[in-house]
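There are 2 protein chains.
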Amino acid sequence: MFVAMNRLTVRDDYVERFEHLFRSRAREVDREEGFIDVKILRPTQAGKPYIVMSFWEREADFQRWVSSGAYTKGHNRAFADMHEARETGGPMPMSSDMETFEVFAE
Amino acid sequence: MFVAMNRLTVRDDYVERFEHLFRSRAREVDREEGFIDVKILRPTQAGKPYIVMSFWEREADFQRWVSSGAYTKGHNRAFADMHEARETGGPMPMSSDMETFEVFAE
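Protein chains in written order, with our numbering: chain A, 302 to 407; chain B, 302 to 407.
Just so you know, these hints were derived from the structure itself, not from any lab.
Be careful, since some hints might not be right.
Copies of one chain are not kept apart here, so a pair can be met inside one copy or by any two copies together.
[Stated by the list, open to error] Distance condition first, Cα-Cα at most 25 angstroms in a straight line; then the derived SDA-like pairs of lysine to any residue: (1) 340 <-> 389; (2) 374 <-> 404; (3) 340 <-> 400; (4) 349 <-> 359; (5) 349 <-> 366; (6) 340 <-> 366; (7) 349 <-> 365; (8) 340 <-> 391; (9) 349 <-> 389; (10) 349 <-> 326.
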């Protein structure tokens with residue numbers, strides 16, 4: 302099993318919008334081949350990032366989704382927020398750091 | 302749902318032993334109240350840590366387990382390896398950084 306964890310540092314004034322986007326997600330990724338599960342994690346310690354964690358049968362399944370139009374479409378609201386920040390010269394609402402893993406024991 | 306992620310930086314010469322310990326774990330934690338799941342993750346990127354990730358109904362379930370004799374007993378082989386490194390003045394086989402989260406969307 303392959304695990305992708307996106308560590309997202311979210312600005313305080315974007316947290317409410319960030320959580321809303323995930324709570325109201327379209328669930329299109331759930332129908333992708335090889336998709337197993339997704340969990341979105343809120344830190345319980347100060348100064349730690351949010352984590353978007355998805356589980357896949359194989360890394361290739363994840364990479365195919367990332368390269369697909371479905372990925373772009375699934376992130377269009379967040380991408381629009383980032384685009385607006387760039388256009389207006391405002392602070393970026395979040396920054397990300399992708400980490401990837403294989404499950405070797407359960 | 303509560304998620305505890307222990308980020309473990311493992312020395313190259315301890316990786317084989319580290320993976321063996323988890324593959325042969327006693328599975329005692331699986332019977333703890335509030336325990337849901339555990340996954341042990343190997344990084345697929347250079348320079349990234351292993352992650353031991355456990356899922357619990359509530360944070361209190363995790364904290365009770367950490368404070369219990371079962372936790373100490375469940376880690377006795379790794380703790381012995383760390384103790385030996387300290388006694389002999391050798392390099393520590395690993396270092397850890399615990400991060401904790403709440404699942405707010407799936």
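Evaluation of the provided hints:
1. 340 <-> 389: Intra 32 angstroms, inter 42 angstroms, cutoff 25 angstroms: neither.
2. 374 <-> 404: between (28 angstroms within a copy, 24 angstroms between copies)
3. 340 <-> 400: The answer is both: 15 angstroms in one copy and 15 angstroms across copies each meet 25 angstroms.
4. 349 <-> 359: between (28 angstroms within a copy, 19 angstroms between copies)
5. 349 <-> 366: between (27 angstroms within a copy, 23 angstroms between copies)
6. 340 <-> 366: Cα proximity of residue 340 and residue 366: in one copy and across copies (17 angstroms, 23 angstroms).
7. 349 <-> 365: between (29 angstroms within a copy, 23 angstroms between copies)
8. 340 <-> 391: Result: close neither inside a copy nor across copies, 29 angstroms intra and 39 angstroms inter.
9. 349 <-> 389: neither (27 angstroms within a copy, 35 angstroms between copies)
10. 349 <-> 326: The answer is within: 23 angstroms in one copy meets 25 angstroms, while 29 angstroms across copies does not.
Consistency with the previously given hints fails for numbers 1, 8 and 9, ordered from lowest to highest.
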